[in-house]
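Generate coordinates for the entire structure from the input sequences, incorporating the hints supplied.
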Amino acid sequence: METKTLQQRLFALPTTAISDATGGHSNVDGSIKPLSNHFKIAGRALTVRLPDGENGAVLEAISKAQKGEIIVIDAKGNRNRAVAGDFVISLAKGLGVQGFVVDGVIRDIAAIRELNFPVFSLGTSVAAGFKNGGGAVDVPIAIGGVAVHPGDYIVGDVDGVVVIPNKDAEHVANAAEEKVRKDELREIEALSRGEISIRAYLDKVLSK
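For any residue, its number in this note's numbering is found by taking its place in the sequence shown, counting from 1, and adding 112.
Check the hints yourself; a few may be wrong.
25 Å max Cα-Cα, derived PhoX-like pairs, lysine-lysine [what the hints assert, rightly or not]: (1) K116 to K205; (2) K152 to K188; (3) K294 to K316; (4) K152 to K179; (5) K243 to K188; (6) K316 to K291; (7) K320 to K291; (8) K176 to K188; (9) K152 to K279; (10) K188 to K205; (11) K176 to K243; (12) K205 to K243; (13) K152 to K176; (14) K291 to K152; (15) K294 to K116; (16) K179 to K279; (17) K179 to K116.
Cβ-Cβ distance ranges computed for the label pairs, FRET-style [as the list claims (entries may be wrong)]: (18) S175 to K316: 54 to 60 Å; (19) A239 to Q178: 26 to 32 Å; (20) G208 to V270: 21 to 27 Å; (21) V238 to S175: 25 to 31 Å; (22) A222 to I310: 39 to 45 Å; (23) V270 to G180: 18 to 24 Å.
Hints in this document: simulated from the structure, not taken from any laboratory.
All C-beta atoms, glycine included, are put in the ideal place defined by N, C-alpha and C.
Spelled out as structure tokens, the structure:
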């Protein structure tokens, strides 16, 4: 049997189980959402810190990204100017970047959805960002109230985004997989015989 990589294991897990495994301490603010509900990401972060309204460093990050990395952008929550549009996203997709997580906004949402490239953001804007410089790549940042260091793991799906510090990733994956296993057993116990098993399960839980 082929052994799954840590990234593959995290990709197979729902963010809800990962959140439970981390105690919920590294859940990104829920306002950062996927542009399409089917988007799913799991991989290492390549971080970008942008001055307010800027986006020049995003191209630098794309040029440095390794295949499968997720570009995580601290845009200071700016909702007025986009950090990327469909052309920039096309560049990232063409070089094997797995997705974007943006504490800010993007634009050209319809075209990005057609590209089927996972983007998680605060929403969209019609206005382009400035390219006056001043950004930084591969540095500690914060998105949605959570610190992110280069190389941390990012997992995102329709329920939200969770950050996993690199040093904790193996432990979190183990704990989340165990949580999923227990949840599956609980569902079998509670739902296998309809009303009878539901009432038996509720009596068991409420009697504790």
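Given the hint that K188 pairs with K205, does the C-alpha gap stay at or below 25 Å? Holds: K188 and K205 sit about 24 Å apart, inside 25 Å.
Holds or violated: K205 with K243, Cα cutoff 25 Å? At roughly 21 Å apart (the allowed maximum being 25 Å), K243 and K205 satisfy the hint.
Would the pair K176 and K243 pass a check requiring their Cα atoms to be no farther apart than 25 Å? With a Cα-Cα distance of about 18 Å, the restraint between K176 and K243 holds, given a limit of 25 Å.
Does the alpha-carbon distance linking K179 and K116 stay inside the 25 Å limit? Measuring from Cα to Cα gives roughly 18 Å; hence the hint holds.
Holds or violated: K316 to K291, with C-alpha atoms at most 25 Å apart: 20 Å, holds
54 to 60 Å was suggested as the range; check whether the CB atoms of S175 and K316 agree with it. Distance hint for S175, K316 holds at roughly 57 Å.
Regarding the pair K152 and K179, is the alpha-carbon distance no greater than 25 Å? Between K152 and K179 the Cα gap is close to 16 Å, so the pair holds against 25 Å.
Given the range 18 to 24 Å, decide if the beta-carbon distance of V270 to G180 lies inside it. Roughly 21 Å apart at Cβ, these two residues keep to the hinted range, so it holds.
Going straight from one Cα to the other, do K176 and K188 come out at no more than 25 Å? Between K176 and K188 the Cα gap is close to 22 Å, so the pair holds against 25 Å.
Within 25 Å, alpha carbon to alpha carbon, are K320 and K291? Roughly 20 Å between the alpha carbons, so the hint for K320 and K291 holds.
Given the hinted pair K152 and K188, is their Cα-Cα distance within 25 Å? Cα-Cα ~23 Å, so holds.
Is the straight-line distance between the alpha-carbon of K291 and that of K152 25 Å or less? 19 Å, holds
In summary, the structure agrees with every hint in the numbered list given earlier.
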